[in-house]
Amino acid sequence: MNSGNHMITVHLLGKKFSVPDDLTIMRAMEYSGFRLIRGCGCRSGFCGACAVIYRIQGHTELRSALACQTKVTDGMCVGRLESFPINKKRYDINRLPAVNTVIGQVYPEIFHCIHCNACTKSCPQHLSVMKYIAAASRGDYASCAAESFHCVSCDICASRCPVKISHSAVGLLARRLTGKHAPVSRHLEQRIRDVEAGVYTGRLDQLKHLSVPELQRLYNDRHIEK
Amino acid sequence: MIYTEEFVESRARVEATRTQRLHEEPRRFEADEKRKLLREFHPDYSRKDFTVLQVGPNKGDKVPHELADLLQGRSRVLDRVICLEQIRYDTDVLVIGGGGAGAAAAIEARKQGASVFLVTKLRLGDSNTGMAEGGIQAADKDGDSPAIHYLDALGGGHFKNDPELLEQLVLHGPEAIQWLDRLGVMFDKEPDGMMITTHGGGTSRRRMHACADYSGAEIMRVLRDEVEDENIQIMPYSPAVELLLDENGSAAGAVIYDFDTEEYAVVRAKSVIIATGGSGRLHYQGFPTSNHYGSTADGLVLAYRAGVPLIYAEAVQYHPTGAAYPPQIYGALVTEKVRSLGAMLVNKDGAAFLHPLETRDVVAAAIIRECTARKKGVYALHGPALWLDTPMVNLLHGEGTMERSLPAMIRMYRKFGIDIRKEPILIYPTLHYQNGGICIDTDSATKIPGLYAAGEDVGGIHGTNRLMGNSLLDIIVFGRIAGNRAAIYSRTARPGRLTLEHVRRFEQERAAVGIDSVLLSPKLLPNYTHGRGLEG
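Chains X and W are the protein sequences, given in the same order. All the letters of the first sequence, read from the start, carry residue numbers 1 to 226 under my numbering. All the letters of the second sequence, read from the start, carry residue numbers 1001 to 1536 under my numbering.
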């Protein structure tokens, strides 16, 4: 497979470089000699460390991306957004009341949303950010949790919000409340009681003291559930 | 994207055999076949890629070259004056590392009333934990038991697992899930609360709990939130570069380095927990890696220089399915859950050549055999690769399954123009996990009083090959134990005068055997600048 490797011009943190066009923004920085410390994390699109803001030279439009998940394009002018301060509140998840007004109490700024949709338009994960903030405002935490589930907390949305909402913190609280108040797993609770009662101690003790050939026989003959 | 003729023809053969393969289950290998396959094709069995250590507690043992260079490297504190009387931070418990194990340890230590200081090389949450996709094991369902979990993990680990550590892992599994559940981790559940679980490679029961394919990310962001709520002092971009002991040889803190100010500082602590994670970014044998940018084995180096032995440091896990194409995600993880949901590994002729749920080492070796000795690979970016037939998932389980269970995978490929619901993807093994590491006991304690370790940097729990889902479990189980025990130890510990004597002794040991390498360790960060930019 041949991807061409045609060279293009990019401006990275104010410096001009020529880089192959099949690189991600992050790899283009490294190709150009940057030794990354900040602005680089999992390199797989899960951690949100590498949020960048860019525009194409000569264009008015401002775009945002995760540097590890986005290919460079000709004329790209890239600036970084890292350590963007968000308004994460402190709370004890066990003490928050299980009512659907609690997020509004912790983060009342969600009610200031003017529906400009700048958050949604800037999201590199293509989430409906404004929609999940609206769900939080009306107390529908399950929807907020589901819509925000793919959030990587890059906080580009927060940097674009005219009413200063910290969207990632709102989504996280909605997910924690949804997870915490989901139906209880009775099989899990039962198993923990059995472990505490010592139900498995005898069998484990036996296994711990078997010889390797005996263990190999047990392992090779064990039933594998379909 | 420009596809070669070979690629297009081979993909057509995969599509042509798909319907027939939907109803077949390839047989599993016999024990002898597995042994032979591993011996001939698994990278751990290579003769030329290992170095025998000349100094330190594992003198005489072999480890990968890249790790040996760092374990026997030169300390970063030798060439500078560090005033040990000038104590910048004072704490009961020092946690080194901000991933899943470090965060779990910090939360538990705080719960015991200890003051906690957490230093991390990058940001809180930057870790392999946050990149784990497939799930977390725990034997909590009918028809399963901790003893069955024990046997699965033991067989997967080639019967080399430490029995006591493994028992601890499986017995605390259900409790770890409950702890996360109560913190608000959104596990996949049925409406009645029943956990939705699947198989992983080498499991005999369906005990893989998941949060779609964001399992680790979901766990990590909840833990991060909890740490931020717990009055724990966090110091990001400040890796530990050396442990501090006192004159009695007990753990007493660490020297940290601030990436921004380029200053070294002394942290005094009554106990220390090493939770620095893995080593994928050392790129053993030239493999790409699925690991976080910070995975450079730092904790192994710190512990080793202080005299703590390592176990199975030569055993490395190559995840069978790293992305071999497109170039932008080369080496990135394609979760094993794709195979848990029925997708097969297929060679260039469209033939499935093994059961997709063999253990990781066996699958990786079989892929390498297929691509080398048998010449059944398709040429991708850097060599031959094989197909993972992703469209099988929706065909087997119904439309919408992939969207529900594998949204991160769909998203990762879609960003580069590939729809994995419609077309199979090219994969090749990628460096994924450090099976071995620091020796600990069931209290997560090392041989040095007051020094604890948890997470990917410890060894013994998984033998020489870890099963999918046992790592997210071990970071929680042993992270919590380490935090608890370290806090309790700190109540009565009275550290004496801080010293770096152990570092000087190690340097003398190096000199005595004629090692004059100036390579500084711990490594801290990889260098991907092609020789440009800053040196080192």
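By construction, these hints were calculated from the structure, which means they are not laboratory data. Be careful, since some hints might not be right.
The list that follows gives simulated cross-link-like pairs (lysine to aspartate or glutamate, EDC-like), each with its CA atoms no further than 20 Å apart [unchecked claim]:
hint	chain 1	residue 1	chain 2	residue 2
1	W	Lys1141	X	Glu189
2	W	Lys1141	X	Asp92
3	X	Lys226	W	Asp1142
4	X	Lys180	W	Glu1190
5	X	Lys88	W	Glu1228
6	W	Lys1160	X	Glu214
7	W	Lys1111	X	Asp92
8	W	Lys1160	X	Asp221
9	W	Lys1189	X	Asp221
10	X	Lys89	W	Glu1190
11	W	Lys1141	W	Asp1192
12	X	Lys89	W	Asp1229
13	X	Lys226	W	Glu1175
14	X	Lys180	W	Asp1142
15	X	Lys88	W	Glu1024
16	X	Lys180	W	Asp1516
Estimated spans, in silico, between C-beta atoms of each pair [as the list claims (entries may be wrong)]:
hint	chain 1	residue 1	chain 2	residue 2	range
17	X	Glu189	W	Asp1258	22 to 32 Å
18	W	His1065	X	Gln216	49 to 59 Å
19	W	Val1081	X	Asp194	56 to 66 Å
Think of the CB as a built atom: it goes at the ideal place given N, C-alpha and C, for glycine as much as any other residue.
Verification of the supplied hints:
1. Lys1141/W x Glu189/X: The hint holds at about 10 Å.
2. Lys1141/W x Asp92/X: Given that 20 Å is the threshold and the Cα spacing comes to 30 Å, the pair is violated.
3. Lys226/X x Asp1142/W: Holds, because 15 Å separates the two Cα atoms, which is no more than 20 Å.
4. Lys180/X x Glu1190/W: holds, 15 Å
5. Lys88/X x Glu1228/W: holds, 9 Å
6. Lys1160/W x Glu214/X: OK: Lys1160/W and Glu214/X at ~14 Å, within 20 Å.
7. Lys1111/W x Asp92/X: Holds - the C-alpha atoms of Asp92/X and Lys1111/W are around 13 Å apart, at most 20 Å.
8. Lys1160/W x Asp221/X: Status holds; Cα separation ~19 Å.
9. Lys1189/W x Asp221/X: Outside the cut-off at roughly 31 Å; violated.
10. Lys89/X x Glu1190/W: Judged against 20 Å, a Cα distance of about 31 Å means the pair is violated.
11. Lys1141/W x Asp1192/W: holds, 14 Å
12. Lys89/X x Asp1229/W: holds, 8 Å
13. Lys226/X x Glu1175/W: The given pair, whose Cα atoms are some 26 Å apart, is violated under the 20 Å limit.
14. Lys180/X x Asp1142/W: violated, 23 Å
15. Lys88/X x Glu1024/W: Violated, because 51 Å separates the two Cα atoms, which is more than 20 Å.
16. Lys180/X x Asp1516/W: The hint is violated at about 55 Å.
17. Glu189/X x Asp1258/W: 22 to 32 Å: Violated: the Cβ-Cβ distance is about 45 Å, outside 22 to 32 Å.
18. His1065/W x Gln216/X: 49 to 59 Å: Since His1065/W and Gln216/X have Cβ atoms about 32 Å apart, the given range 49 to 59 Å is violated.
19. Val1081/W x Asp194/X: 56 to 66 Å: holds, 58 Å
Checked against the numbered hints given earlier, the structure breaks hints 2, 9, 10, 13, 14, 15, 16, 17, 18 and satisfies all the rest.
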